[in-house]
Amino acid sequence: MMTFAKRFGGGALLVALLGGCAAPTTTEKPASYTFFPPPPDEPRVQYLTAFASDADLGHEGNFAEFITGEQRQVNPLIKPYGLAGHDGKIYVCDTVAGVIQIFDLQARRASYFAPVGEGQLRLPINVSVDEDGTIYVADTGRNQILIYSGGGGYQGAIGVMDEMRPTDVAVTADRLYVTDLKGHSVRVYSKADRKLLFTIPANPKAAGEKLFSPTNLAVDKQGGRLLVSDTGGFEVQVYDLDGKYLRTIGRQGTGPGMFARPKGVAVDHDGLAYVVDAATQVVQAFDPSGNLLLYFGSPGASEHGELILPAAVKVDYDDVGYFQKYLAPGYQCEYLILVTSQFGGQKVSVYGFLKKM
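Everything in the sequence shown is counted per this note's numbering, starting at 31 for the first residue and increasing by one.
There's no promise every hint is true.
Stated by the list, open to error - Computed cross-link-like contacts, DSSO-like style, restricted to lysine-lysine with a CA-CA straight-line distance of at most 30 angstroms:
(1) K119 to K355
(2) K212 to K235
(3) K386 to K119
(4) K225 to K240
(5) K240 to K274
(6) K274 to K251
(7) K109 to K355
(8) K355 to K386
(9) K235 to K386
(10) K251 to K225
(11) K235 to K225
(12) K251 to K240
(13) K221 to K235
(14) K235 to K274
(15) K385 to K119
(16) K119 to K221
(17) K119 to K109
(18) K251 to K386
(19) K212 to K240
(20) K212 to K109
(21) K274 to K221
(22) K119 to K251
(23) K251 to K235
(24) K225 to K212
(25) K274 to K225
(26) K355 to K385
(27) K240 to K221
To be verified - Across the chosen pairs, the derived CB separations fall in these ranges:
(28) P359 to L276: 37 to 45 angstroms
(29) E161 to D300: 16 to 24 angstroms
(30) A290 to L153: 19 to 27 angstroms
(31) L153 to G360: 42 to 50 angstroms
(32) P70 to Q136: 21 to 29 angstroms
(33) A290 to P69: 25 to 33 angstroms
Think of the hints as simulated: they come from the structure by calculation, not from any bench. The C-beta atom is built at its ideal place from N, Cα and C for all residues, glycine as well.
Generate coordinates for the entire structure from the input sequences, incorporating the hints supplied.
Given below as structure tokens:
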């Protein structure tokens with residue numbers, strides 16, 4: 031495994047980003063690319079593009095669609111929150127429309143996932159897609175985790191009326207981890223029979239373990255860690271997958287390494303954690319020990335890479351090829367970092383974690 035000192039240039043924390051997030055000037059194409067951190071530091075993250083509709087992906091329809099009547103109006107995202115990627119598709123929860131928009135990157139088109147009947151969505155806020163294509167949706171309108179097959183068929187739900195208020199769901203090989211705002215905890219279920227196994231924290235009165243408003247989750251499968259974004263606690267709590275408390279990342283504040291309103295959280299294959307702060311409107315990156323490495327994004331809507339009320343973040347290794355054309359010359363993209371903004375035109379921002387060629 032590559033050390034963090036090597037990946038991030040001698041181990042120095044890249045908090046120089048506090049000086050601003052403007053795009054660097056190059057001799058070939060001035061101001062064409064937006065890097066984080068800005069010069070003179072070596073770039074680690076590049077803003078690539080953003081989309082809110084399939085038109086942003088380049089879909090314009092064709093004559094065959096017009097003749098066969100297959101064209102169907104899919105409106106741009108209104109107020110997205112959670113997202114997930116699977117099999118060349120990006121699933122995005124639209125909390126105003128009450129649907130999940132599915133962006134097919136290869137076909138460059140969007141479609142609605144809006145089941146009817148028993149499986150109808152009310153207020154989908156977060157979504158996870160398992161390796162076999164099973165879709166899990168945290169619906170705060172129904173206060174349930176809704177489960178669908180890869181083909182979209184409704185398979186059932188976890189939770190009964192007023193039992194919990196789930197806001198996110200994370201999936202492992204045999205378990206489902208569910209945030210519960212009502213119970214100030216994470217509920218852990220068996221994936222096979224959907225039965226409750228235990229809750230996290232095991233001892234909510236222990237120093238450092240209490241959760242106030244757990245909203246978002248990330249599972250570090252290789253490191254065996256569960257990261258819980260505690261919006262009301264202004265921090266991210268880290269447990270092992272059996273619920274043992276390990277450490278806390280961040281504390282209340284608006285400076286580097288602090289949180290004013292932490293929301294989405296994600297983790298890469300090396301344990302690097304990304305945390306969205308909806309108040310400062312940036313994404314901060316931490317090593318597995320909780321040390322700040324860098325942050326990217328900035329408040330606003332006029333420049334590339336800016337965020338307006340960011341909500342969720344996901345790491346995507348599988349879809350890098352669809353965005354290669356946006357990379358600056360001389361760089362390769364190790365993986366994508368997808369971030370939703372609830373307002374503005376750049377509803378899903380796509381960043382690339384860079385490596386030199």
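Checked hints:
Under the criterion of a C-alpha separation no larger than 30 angstroms, the hint pairing K119 with K355 is consistent with the structure, at around 18 angstroms. Proposed proximity of K212 and K235 is supported: the alpha carbons are some 17 angstroms apart, at most 30 angstroms. Taking the CA atoms of K386 and K119, the gap is near 27 angstroms; set against the 30 angstroms cutoff, the hint holds. With a C-alpha separation of about 24 angstroms, the suggested pair K225 and K240 falls inside the 30 angstroms cut-off, and the hint holds.
Straight-line distance between C-alpha atoms of K240 and K274 comes to about 12 angstroms, which keeps the hinted pair within the 30 angstroms bound. Using a Cα cut-off of 30 angstroms, the hinted pair K274 and K251 holds, with the two alpha carbons roughly 15 angstroms apart. The straight-line distance between the Cα atoms of K109 and K355 is roughly 27 angstroms, inside the 30 angstroms bound, and the hint therefore holds. The straight-line distance between the Cα atoms of K355 and K386 is roughly 16 angstroms, inside the 30 angstroms bound, and the hint therefore holds.
For the proposed pair K235 and K386, the alpha carbon gap of about 47 angstroms is over 30 angstroms, so the pair is violated. Distance hint between K251 and K225 is fulfilled; the C-alpha atoms sit about 21 angstroms from each other, no more than 30 angstroms. Distance restraint check for K235 and K225: the Cα-Cα separation of roughly 25 angstroms lies within the 30 angstroms cut-off, and the hinted pair is therefore satisfied. For the suggested pair K251 and K240, the alpha carbons sit about 23 angstroms apart, so the restraint of at most 30 angstroms is met.
For the given pair, K221 sits about 28 angstroms from K235 by alpha-carbon distance, which is consistent with the 30 angstroms threshold. As the CA atoms of K235 and K274 are separated by approximately 14 angstroms, the hinted pair is consistent with the 30 angstroms bound. Our distance criterion of 30 angstroms between C-alpha atoms is met by K385 and K119, whose separation comes to about 24 angstroms. Only pairs whose Cα atoms come within 30 angstroms are accepted, and K119 paired with K221 is accepted, the gap being roughly 23 angstroms.
The straight-line distance between the Cα atoms of K119 and K109 is roughly 19 angstroms, inside the 30 angstroms bound, and the hint therefore holds. Between the alpha carbons of K251 and K386 the distance comes to roughly 27 angstroms, so the proposed pair stays at or under 30 angstroms and holds. Restraint check for K212 and K240: satisfied, since their Cα atoms lie roughly 14 angstroms apart, inside the 30 angstroms limit. Simply put, K212 and K109 have alpha-carbon atoms about 24 angstroms apart, close enough for the 30 angstroms limit, and the pair holds.
At roughly 20 angstroms between alpha-carbon atoms, K274 and K221 fall within 30 angstroms of each other, so this suggested pair holds. Taken as a hint, the K119 and K251 pair is honoured in the structure, with Cα atoms around 22 angstroms apart against an allowance of 30 angstroms. For the hint pairing K251 with K235, the CA-to-CA distance comes to about 27 angstroms; that is within 30 angstroms, so the pair holds. Restraint check for K225 and K212: satisfied, since their Cα atoms lie roughly 19 angstroms apart, inside the 30 angstroms limit.
A C-alpha spacing of about 20 angstroms is found between K274 and K225, which places the hinted pair at or below 30 angstroms, so the restraint holds. Pair hint K355 plus K385 holds up; C-alpha atoms about 15 angstroms apart against a cutoff of 30 angstroms. A distance of roughly 25 angstroms separates the Cα atoms of K240 and K221; the hinted pair therefore holds under the 30 angstroms criterion. For P359 and L276, the Cβ-Cβ distance of about 41 angstroms falls inside the hinted range of 37 to 45 angstroms, so the restraint holds.
At about 20 angstroms, the beta-carbon gap between E161 and D300 stays in the expected band of 16 to 24 angstroms. Distance hint check for A290 and L153: the Cβ-Cβ separation is about 24 angstroms, which falls inside the suggested range of 19 to 27 angstroms. Taken as a hint, the range 42 to 50 angstroms holds for the pair L153 and G360, whose Cβ atoms sit roughly 44 angstroms apart. For the pair P70 and Q136, the supplied restraint of 21 to 29 angstroms is violated, since their beta-carbon distance comes to about 39 angstroms.
Under the hint 25 to 33 angstroms, the C-beta atoms of A290 and P69, about 28 angstroms apart, fit the expected range.
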